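Those protein sequences? They're chains A and B, same order as listed. Under my numbering, the letters of the first sequence match residues 1 to 175, in that order. Under my numbering, the letters of the second sequence match residues 1 to 87, in that order.
Derived by calculation from the structure, the hints in this document are not laboratory data. It should be emphasised that the depicted structure is a prediction, and the values quoted were computed from it without experimental measurement. It cannot be assumed that every hint is accurate.
What the hints assert, rightly or not - If you anchor each label on the Cβ, the simulated ranges turn out as follows: (1) D42(A) x G30(B): 37 to 43 Å; (2) D64(B) x P48(A): 22 to 28 Å; (3) Q31(B) x G88(A): 17 to 23 Å; (4) Y43(A) x G40(B): 27 to 33 Å.
Stated by the list, open to error - In silico negatives: residues of chain B with every beta carbon more than 10 Å from chain A: (5) K13; (6) G30; (7) A32; (8) A39; (9) G40; (10) H43; (11) A57; (12) A83; (13) T86.
Where is the CB? At the ideal position from N, CA and C, for every residue including glycine.
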Amino acid sequence: MTLARRYHATLADVAATYLPSRAAAAVVVQDTWLAMLSGLDDYDGQVPFRSWLFGILVHRARSAGDGGRRPVPAAGYTAGPGRFRADGSWVLLPLPWPEDAGERLCGPAAQPAIRAAIDALPPGPRRVVLLRDAAGLPGREVSGVLAISAASQRALLHHGRSRIRQALEQQVREG
Amino acid sequence: MALFGRTVIVCRKAVDLLTDYLEDALPVRGQARLEAHLAGCPHCAEYLRQLQTTIEALGRAEPDAPSPETCGDLIAMYQRWAAHSTR
Chain A
1 MTLARRYHAT
11 LADVAATYLP
21 SRAAAAVVVQ
31 DTWLAMLSGL
41 DDYDGQVPFR
51 SWLFGILVHR
61 ARSAGDGGRR
71 PVPAAGYTAG
81 PGRFRADGSW
91 VLLPLPWPED
101 AGERLCGPAA
111 QPAIRAAIDA
121 LPPGPRRVVL
131 LRDAAGLPGR
141 EVSGVLAISA
151 ASQRALLHHG
161 RSRIRQALEQ
171 QVREG
Chain B
1 MALFGRTVIV
11 CRKAVDLLTD
21 YLEDALPVRG
31 QARLEAHLAG
41 CPHCAEYLRQ
51 LQTTIEALGR
61 AEPDAPSPET
71 CGDLIAMYQR
81 WAAHSTR
């Protein structure tokens, strides 16, 4: 159960980015655990175990869902809509966050807001943020698991991080 | 805006490059240009700090533990698999 405690929730979250419901994602995750058990003898260790496991999941979720082949978002979303003038300078300056913002955002009270910010992302940025920032896979492993280029991975990651930063602004100020 | 050599990096471009910067994916000259911009632009530097705080918070977020029902399902699945694979 150690593996399940460590990876089950993230597997379900990533599967949900491909599928229309959490129930459908749960079926794919169960299927992934079974495939992992059946394939353990063939696991050669050439990629880290977590990447192998997430790779099984993504393959199965793609097959069960819409394929996850949505286009990478254009580089239009950065700090949020309307924050820059046409010449590229700031219109809405990023107001400094309080000194204790990091401490607050890492505490239990901020967890629902972080969860909601992740859930509000489009599927592409969401799955990259889940794998890179939440699960802590290196960027090259995320690219491998999702079978996307390193540049696409970083574009999706930037999109996701930027939107989450914006969503957390209110949490930081109201604390 | 910041001038570096003959190239201007505007704030919008600097913000666009921040994840590439944090992921060590910028070429050496691009990194130098961005760092020069950040040194002269407190707003983009503040945005970078906020992005780093966001990333740290995402890394500290604990995924939900599987519910007792899910654990039961997984154990049952494992037992079925083990029984089947030892036949």
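For each hint, the structure was consulted:
In this structure, D42(A) and G30(B) meet the distance hint of 37 to 43 Å, their C-beta atoms being roughly 42 Å apart. Taken as a hint, the range 22 to 28 Å holds for the pair D64(B) and P48(A), whose Cβ atoms sit roughly 23 Å apart. Q31(B) and G88(A) have their C-beta atoms about 19 Å apart, which keeps the hinted 17 to 23 Å range intact. For the pair Y43(A) and G40(B), the beta carbons lie near 51 Å from each other, so the given range of 27 to 33 Å is not met.
The claim that K13(B) is not at the interface with chain A is violated, since a C-beta of that chain comes within 10 Å of its own (minimum 6 Å). Residue placement check: G30(B) keeps its beta carbon more than 10 Å from all beta carbons of chain A (closest about 13 Å). Every Cβ of chain A is farther than 10 Å from the Cβ of A32(B); the closest lies at roughly 19 Å, confirming the non-interface assignment. Annotated as non-interface, A39(B) keeps its C-beta farther than 10 Å from every C-beta of chain A; the closest such distance is 17 Å.
The non-interface label for G40(B) is consistent with chain A: the shortest C-beta to C-beta separation is roughly 13 Å, beyond 10 Å. At roughly 5 Å, the least C-beta separation between H43(B) and chain A is not larger than 10 Å, which violates its mark as non-interface. With a cut of 10 Å on Cβ distances, A57(B) falls inside the contact zone with chain A, its closest approach being about 4 Å. Non-interface status of A83(B) relative to chain A is upheld: no Cβ of that chain comes within 10 Å, the nearest being about 12 Å off.
Separation of T86(B) from chain A is adequate, the least Cβ-Cβ distance of about 12 Å exceeding the 10 Å criterion.
When held up to the earlier numbered hints, the structure conflicts with 4, 5, 10, 11 and fits the remainder.
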